[in-house]
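Whole structure, please, built from the sequences with the hints as guidance.
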Amino acid sequence: MKIAVCIKQVPNTTEIKIDPVTNTLKRDGVPSIINPDDKAALEAALNLKDKCGAQVVALTMGPQQAEKALREALAMGADEAYIMSDKAFAGSDTLATSTIIAAGLAKLNPDVIFCGRQAIDGDTAQVGPQIAEHLGIPQITYAAQIDYDQDRQALIVKRQFEDRYQMLEVSGKCLITVLSSLAKPRYMNVWDVVNQDLKEINVITRADIEVSSEHIGLGGSPTKVDSTAAKQFDKKIETFELDPTAAAQAIVDALKQRHLI
Amino acid sequence: MAEYKHVLFEQMIKDFAQNEVKPLAQEVDELERFPEETVEKMAKLGLLGIIVPKEYGGAGGNYYMYIQAVEEISKVCATTGVILSAHTSLCVAPILEYGTADQKKKYLPLLARGESLGAFALTEPNAGTDASNQCTVAVEKDDHYLVNGSKIFITNAGYASTFIVITVTGMTPKGPEMTAFIMDRDLEGFSVGKHEKKMGIRGSSTCELIFENVKVPKENMLGKRGEGFKIAMKTLDGGRVGIAAQALGIAEGALDATVEYVKSRKQFGKPISAFQNTQFVLADLATKIAAAKCLVNVATDAKQNKYSSLSVAAAQAKLFAAETAMEVTTKAVQLHGGYGYTREYAVERMMRDAKITEIYEGTSEVQRMVISGALLKK
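As you go down the protein sequences, you meet chains A and B in turn.
Numbering of the first sequence is given in the working numbering, commencing with residue 2 and proceeding in unit increments.
Numbering of the second sequence is given in the working numbering, commencing with residue 200 and proceeding in unit increments.
Honestly, I wouldn't trust all of these hints.
[As the list claims (entries may be wrong)] In silico BS3-like links for lysine-lysine, alpha-carbon gap of 30 Å or less:
#1 B:K253 / A:K69
#2 B:K213 / A:K200
#3 B:K530 / B:K465
#4 A:K50 / B:K243
#5 A:K185 / A:K174
#6 A:K69 / B:K221
#7 B:K469 / A:K185
#8 B:K492 / A:K69
#9 B:K253 / A:K50
#10 B:K469 / B:K393
#11 A:K185 / B:K221
#12 A:K27 / B:K213
[Unchecked claim] If we take Cβ atoms under 8 Å as the criterion, some of the chain B residues that face chain A in the derived model are:
#13 K204
#14 F208
#15 M211
#16 D214
#17 G245
#18 A258
#19 G259
#20 G260
#21 Y263
#22 V497
The set of hints was computed from the structure by calculation and includes no laboratory data.
Built from N, CA and C at the ideal position, the CB exists for glycine as well.
Set out below in structure tokens:
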């Protein structure tokens, strides 16, 4: 089984700084990490490698410095790594990004694709499902557990909802998006830390994939960020001058009205 | 192609120290408990075989990585730091450097995978700084040597399976003829004695070794007969780089804890970091730590590249880093005031841990002898 894991390098902060002029993310000077959900997806794949010898291929799209995220994936135990990097890819929104990644994955031809649920810098949760749509394969989102049933040659996936879960069995090609709660990612190990320096990071450029230029890069991105702002919380103070019994009732009514009780 | 291994290793070892080692530090000290689970985790991640070549099941890393591991781990737990240091510098390294092909094939994979923990036995009740005054004897007989005697203060002893033991095999006009052996824990007549109750590094296992007619096969001789003292001294040269890194780590850990504390502790209506005394003390400590780090780097370079300057470089690094650790931790406790004297705060433990770095693997006085000896020999 060949598992491709899509990972994204993200700034290591929950406070994302926005460039006020271009309305895009400012990444300079912020240390980068593998997006936590993606790291859990990688762990899920490595776990299957340990259990049934799956081949794990890590793939990312981004500038050259995203190589470090792939190097980290190799140092955790991934077998191969691919970076999709080209000036033509710059400025891609989620749709253009998923178009590019799907084209890259089509070349790698994995049996299963794992993605993180969403990235902490954009929080859209769109790229994974979009990749599945581009490739025309089934998808399972919000996976909280992934096992392999050797006899049935199928993946058994626990799909998490707010108040319940589904157990799904899937054989054949599919894409699964993973929650960070699925597994605590393993540490890198010294053997693979040393070994990764001997491995090449394979580069996939614009010339290597078959997509229309209309669908990639800034020009191929229908999303235009109008403005971005931090959520504002308005504190409203209402004053009631009532006797204790009536005041208690007023509080209960107010809470009921807001569906809080 | 740029090398990423050092960048990734730094990230890995910092994560590991913070998440796996730090949470246990207070407990292993308080209960004098050997952190077996941490040693197991280190083994699984390849940390016990960093310097072991891949052909022997090791990671094929280098001394820079190993020394950084000791430093980062000692920042949060000096006990765990010395377990790694004694295993690697005092057992893995001499087998790697002086072992026969068969010895390497037999022992290095076990040590690298952590299936066997390593230890080194030189010190005896009457042979501390005067290391050549050995009483443990090995007498040649048929296909083996018969070993009798005892060793004390042996780090990792209670949990180790592979021991490098220095013995006396005869007398020469210059003094005792010393020979090193690799000894397995399960040899008949070999037992581990009293566990020492120590001031610091209380989770590390420091015990006595007793040899009663232990038959050690001849093929377990490490190096040649009569090379024991040289092997011991060269091994300690390397070991001192590890202890220097441990001392450096303790100092850094104490400074980190103190910087955090002085910003939050308020007296006279302001954080004590606002007082110039605090600021100047911290500045001096940080500067000494930076200097110690430079010396550790020079010594690590010498070890990695087999420079003949290793002996003096390691002595200087250990001497300065150990005395820095003692000074930094003492002043860290002072800046913590009464709280620093309680076991609630890590600096109390760090001050007790720091003291041993001025003593083991050659006291600070021995380091001064090594350094001045090299100077005056010229």
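Margin query: Of all the hints numbered above, which does this structure not satisfy? Sort the numbers upward.
Written below: As far as the earlier hints go, 7, 10, 21, 22 are violated by this structure, in ascending order.
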